[in-house]
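Protein chains in written order, with this note's numbering: chain A, -16 to 153; chain B, 4 to 108.
What the hints contain is simulated information worked out from the structure, not anything from laboratory work.
A few of these clues could be false.
[Stated by the list, open to error] Covered stretches of chain B (chain A as the covering partner; in silico rule of three or more C-beta atoms under 8 Å from a C-beta of chain A):
hint, region
1, 6 to 14
2, 19 to 26
3, 41 to 47
4, 63 to 70
5, 74 to 88
6, 102 to 108
All C-beta atoms, glycine included, are put in the ideal place defined by N, C-alpha and C.
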Amino acid sequence: MELNAISIGFVVFTIFTLGGAIGVVTTRNLFQGTIWLMVSLFGVAGYFILLSAPFLAAVQILVYIGAIAILITFAVMLTRSIARIKERYIRLLPSFIGSLALFLILLLGVTVPIFGAHAPDSIPDYVASTRDLGAALVDENGYVVPFLLASVLLTAAMIGAIFIARDETA
Amino acid sequence: MVPLWMFLAVAAALFSIGVFGVLARRNAVAILMSVELMLNAVNINLVAFWRYSETGTDLLLNGYVFTAFVLIVAAAEAAVGLAIIITVYRNRRSVIPEEARALKG
């Protein structure tokens, strides 16, 4: 891997993504955990830029960092019971060993071509743009049915969230 | 250009960290945050495979569109999951999943 802007960006975004993720699962204060989650999601948005999907990077920052992380922050503030939880972890050692084993198996699977040939190291020159994505989303031969189903799902989730979180005594 | 397996290795590490958080953390909000990490790892995989796949002449947008739908489902999941956590907290004064066993037979 030669040293250029893309490889430097890859290393930086790897530090952001994995460092933030480790912060999420190890921090005691959940509010700081939310900040770490934002750092990690920002790193993932950087990967989307490197993979020439700028629309997904923008959506990642808008939806994840802008909406989901703020929602989690509200949930952390509304459920303050940190004093009651004495220990952060249960089943710490089995969970650590299990996830480490899972990581090693996955790493073996992506680096050693057991199940097939290696992916090509060269990438296609032409890549679909955001304009192609927008055309495909409303194309009847494309993805118009899942697009409509996604809007129904979002409406159902919004109504369901309001209904579940409603205070029935008020 | 960065080879494909490095993206996949980072996604595997992110997924494993998320699995560890889901299995080991006690707080339900922390478990939900770990689930978000796992979803992001899957998204990295989808976009990386989409970018590195040979398209030929016609455009393939499957990975791109699939990632967008995973984002939508993640938003819905976070909204409903946090609403459930807040309701359980209001009724039980607890965010520990093991203590919410009203439905246990």
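Hint by hint, here is what the structure shows:
With 8 residues bearing a CB less than 8 Å from a CB of chain A, the region 6 to 14 of chain B meets the requirement of three and the coverage assertion stands. A stretch counts as covered by a chain when three or more of its residues have a beta carbon under 8 Å from one of that chain; for the region 19 to 26 of chain B and chain A the count is 7, and the coverage holds. Counting residues of the region 41 to 47 of chain B whose beta-carbon sits less than 8 Å from any beta-carbon of chain A gives 3, enough to reach three: the coverage restraint holds. For the region 63 to 70 of chain B, the stated coverage by chain A is satisfied: 5 residues place a CB nearer than 8 Å to a CB of that chain, which reaches the threshold of 3.
Coverage of the region 74 to 88 of chain B by chain A holds in this model, with 14 residues showing a Cβ closer than 8 Å to a Cβ of that chain against a need of three. Note: the region 102 to 108 of chain B has 0 residues with beta-carbon separation from chain A under 8 Å; the three-residue rule is not met and the coverage is violated.
In terms of the numbered hints stated before, the structure departs from hint 6 and from no other.
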